[in-house]
Amino acid sequence: MTTDGPAGTGTGPDRAIAAPAGTVDSRGRRCPLPIIDLARAFSSVAPGDTITLWADDPAAGPDVVAWCRLRGQLLVAVRPLPAGGEEFVIRRLA
Amino acid sequence: MSAYLDHASATPLHPAARNALEVALQDGWADPARLYREGRRARMLLDAARETVAGVLGTRPDEVSFAASGTAAATLALLGTASARRRAGNVIMVSAVEHSSVLHAAQHHEQAGGRLVEVGVDRFGRVDPAAFAPVPGTAVASLQHANHEVGTVQPVAEVAERLHAAGVPLHTDAAVTVGRVPVDLGVLGADLLTASAHKFGGPAGVGILAVRTGTRWRSPWPADEREGGRVAGYPNVPSIVAAAAALAARTAELAAEGPRLAGYVRDLRRRLPDLVDGVELLGDPDRAPAVPHITAFSCLYVEGEALLTELDRAGIAVGSGSSCTSDTLVPSHVLVAMGALTHGNLRVSFGRDSTQADLDALLEVLPGAVRAVRARLGAGEL
Numbered sequence: 001m002t003t004d005g006p007a008g009t010g011t012g013p014d015r016a017i018a019a020p021a022g023t024v025d026s027r028g029r030r031c032p033l034p035i036i037d038l039a040r041a042f043s044s045v046a047p048g049d050t051i052t053l054w055a056d057d058p059a060a061g062p063d064v065v066a067w068c069r070l071r072g073q074l075l076v077a078v079r080p081l082p083a084g085g086e087e088f089v090i091r092r093l094a
Numbered sequence: 001m002s003a004y005l006d007h008a009s010a011t012p013l014h015p016a017a018r019n020a021l022e023v024a025l026q027d028g029w030a031d032p033a034r035l036y037r038e039g040r041r042a043r044m045l046l047d048a049a050r051e052t053v054a055g056v057l058g059t060r061p062d063e064v065s066f067a068a069s070g071t072a073a074a075t076l077a078l079l080g081t082a083s084a085r086r087r088a089g090n091v092i093m094v095s096a097v098e099h100s101s102v103l104h105a106a107q108h109h110e111q112a113g114g115r116l117v118e119v120g121v122d123r124f125g126r127v128d129p130a131a132f133a134p135v136p137g138t139a140v141a142s143l144q145h146a147n148h149e150v151g152t153v154q155p156v157a158e159v160a161e162r163l164h165a166a167g168v169p170l171h172t173d174a175a176v177t178v179g180r181v182p183v184d185l186g187v188l189g190a191d192l193l194t195a196s197a198h199k200f201g202g203p204a205g206v207g208i209l210a211v212r213t214g215t216r217w218r219s220p221w222p223a224d225e226r227e228g229g230r231v232a233g234y235p236n237v238p239s240i241v242a243a244a245a246a247l248a249a250r251t252a253e254l255a256a257e258g259p260r261l262a263g264y265v266r267d268l269r270r271r272l273p274d275l276v277d278g279v280e281l282l283g284d285p286d287r288a289p290a291v292p293h294i295t296a297f298s299c300l301y302v303e304g305e306a307l308l309t310e311l312d313r314a315g316i317a318v319g320s321g322s323s324c325t326s327d328t329l330v331p332s333h334v335l336v337a338m339g340a341l342t343h344g345n346l347r348v349s350f351g352r353d354s355t356q357a358d359l360d361a362l363l364e365v366l367p368g369a370v371r372a373v374r375a376r377l378g379a380g381e382l
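Residue numbers (my numbering), protein chains in the order written: chain S, 1 to 94; chain A, 1 to 382.
The set of hints was computed from the structure by calculation and includes no laboratory data.
Incorrect hints may appear among the rest.
[Stated by the list, open to error] Label pairs and their in silico Cβ distance ranges:
hint, chain 1, residue 1, chain 2, residue 2, range
1, S, ALA21, A, ALA112, 47 to 57 Å
2, A, ARG270, S, VAL45, 29 to 39 Å
3, S, LEU75, A, PRO15, 50 to 60 Å
4, A, ASP274, S, GLU87, 30 to 40 Å
5, S, GLU87, A, ALA166, 36 to 46 Å
6, S, GLY22, A, ALA157, 28 to 38 Å
[Said to hold, decoys possible] Okay, the calculated bits of chain A under chain S, using three or more residues with CB under 8 Å as the criterion:
hint, segment
7, 288 to 302
8, 336 to 350
9, 373 to 379
Think of the CB as a built atom: it goes at the ideal place given N, C-alpha and C, for glycine as much as any other residue.
Chain A extracted, bound-state conformation (with noise of 0.2 Å):
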């Protein structure tokens, strides 16, 4: 019995998706910036497109641009920004336990000379927002919206109403949320949003980047004339349209999905301790408002990398955080962050198609796996 439990790294193409690309493949193959009647057939494509994530996204259509990938857009969000506020100051603030994306973003700007501050976070994963307060000279903040790692949700409003008392804009990662809970940036009160579709049912190679009117924000990038001047070269019409489509889908399934997933969750944090000793819940639903398809727990006396072998060798896909299964060897800095066990780190996450089965069959799975691996290391009787 196999299960595909990481639906945060990646999700299957929606079938409105699917439907949607094909069309597009077919009417949206020109260039949308030519005059002529097939490059205004892929013009009126890519609008429509545009239209859509900006209504569900509560943003007007021109304050959204597409790029190639949710890192593209916080990266250009983030240096964007501090670029146009160069005066204002050069300091970059972000919570440390920010998406690689964003992190990566920020270091690039203090190598750049400028200088990076990482606000902390309680063993739930989340910010204070009293701690958020900017530092003078700070040009740009970035707050998660949920977390990759753990799903909790972040007080990204009252971060926003903060900052905005001291004239500093805010950028949220939306990628855990956009497609997965509502979203309205005008509730969220950020300046600069960004996403990625195929995580919420799109195709691979779209990002979504919206900036509100009246942020100052200047192309850190050489540019051209195409996405408002936010992002340079030729887009990727098809996949934009069937992103668009994924989310307007999305959108509908929202209500009855959100509760049938936490219940996923809570039954599998609820079954987990009996079933696996020495494991530790990360995040907490009740406590802290977490997103509902992600969830994720540490194993003691487990690697991870190992783990997640003997998952797949059962047919069970999920993630890790464990630095064993990074290239760095370095511990997750969420987790880290956190003051969580950073070994046998698990993440579980659920998608539209996810089933109690899919579940069942993780827990049927992993307290052997993790007797396998704790033997292995010598570790079974601790």
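Okay, chain S solo, but in the shape it has when bound (with noise of 0.2 Å):
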């Protein structure tokens, strides 16, 4: 089942690494919550800044590819993280 909590507390098992300040940490959320923690941080990026999201449901992989899409912004990078799970870089383009 899901996790409710507010993304960034580290909710999830085995958080061994922690995530950078400013980073979106999603890991242990279920989806859609790493897609709607990218979302609501969103808000606050700067057109032409970034931000790095970081999740382990494997539905994040291709969900961040179709929210880029459907909202129209720019995924430049995905990177396998140490202790499972992934780091998107997504641009805010408008």
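Join the two chains into one complex using the hints; note that each chain is given alone, in its own frame.
Right, here's the structure in full:
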């Protein structure tokens, strides 16, 4: 089931590495919560700037790509995280 | 106002099937393999059902066998061909968007030491025939006639032609199309076809397996003399008779029904983006051919299971490919392969008794249901 706690609190299991400040840490949160975390944090991103999301739900990869397409934003990079999950870097285009 | 809009999962028994079932329960209860009068009567009913199905599908009666489900038929089709063509190689090729029954059969083959090659799809869920070139050692390939989650029709005939040039047989899973659109195995060019009766108004428990003459096939399981040696065990004659009656009746209905259901799909796809913000329509009947009765879309910031529950509370039944609606918590392999939004996914599918009122009922309830689920997830303002 989903974890309903707020993002950035490291609610998932085994958070060996803490997310750096400014990174949205949605590890341990199930779909569609990571995408909701991303959308919520995105409102404070200035056009041209990027935001970083950490997520480990298996749906996060395809859903971040789909969110960027639907919202007209740019997925800049996807990297695997050492402790599991992935890091997504998204640039605000407008 | 309630509406059942999951006819691609199962559709009510066709009236013609109900009548045939009653007759066959009365007259077709005996063992069709026995030579006495009761057995001969069951055999006649079974043979007539086989002829009916063969006639609709453009095959010979001796090419048609009945299995206990579409899944059982697909398993037999794939593993039986792989088994008979072991000397040609141990590769099973499938599209990335096959039904789980086909993928499970292919994975079973892989676990037994065989190899599995998956072919990707475009954003409509469609394979590129040029990408479906058989790798060396391909024993059999499998490509669905149409996709079960988004309705996109696959280029089966073109793929069959390419495979045949390399001597590779093709199985097509036609569970979505048989009894829904005209299906002629000769036109499709596939060597094996499978389908499922409960998806076109037949009773549950009848799968159709067609194996073209000349296709190398050997039963992967212990076999007996039933169903041409392809499906072991006592056949469910009454249900098979009812399935054949449903298929025959459906065939006469398709010409009028297809455009009517396609109209509902068009109407839904036109109205939905204005009713729900952040919705992604999947597939595209205008750009990639699709069956007339299935359409799918995904809603941002929505949990599929919560949305199904919310709709069910309002009396609306639809399907979903979202991971939160399955036990595995893995996103739908179809949606992932298409690069579509995997959460908040709904599949709407119409049947012979669907009406405009059913669609209107769905669209009446859906915006509020999406709003409620988003609000619960704290995504109401996004």
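Comparing the hints with the structure gives:
Distance hint check for S/ALA21 and A/ALA112: the Cβ-Cβ separation is about 51 Å, which falls inside the suggested range of 47 to 57 Å. Taken as a hint, the range 29 to 39 Å holds for the pair A/ARG270 and S/VAL45, whose Cβ atoms sit roughly 33 Å apart. Remark: the range hint 50 to 60 Å for S/LEU75 to A/PRO15 is upheld by a beta-carbon distance near 52 Å. The hint said 30 to 40 Å for the Cβ distance between A/ASP274 and S/GLU87, and at roughly 36 Å that hint holds.
Checking the proposed 36 to 46 Å range against S/GLU87 and A/ALA166 shows it holds: the Cβ atoms sit about 43 Å from each other. Taken as a hint, the range 28 to 38 Å is violated for the pair S/GLY22 and A/ALA157, whose Cβ atoms sit roughly 54 Å apart. Residue count for the segment 288 to 302 of chain A with a Cβ under 8 Å from a Cβ of chain S: 4. That meets the three needed, and the coverage hint holds. With a threshold of 8 Å between beta carbons, the proposed coverage of the segment 336 to 350 of chain A by chain S holds, since 7 of its residues qualify and at least three are required.
Restraint check on the segment 373 to 379 of chain A versus chain S: 3 residues with Cβ-Cβ distances below 8 Å, three needed, restraint holds.
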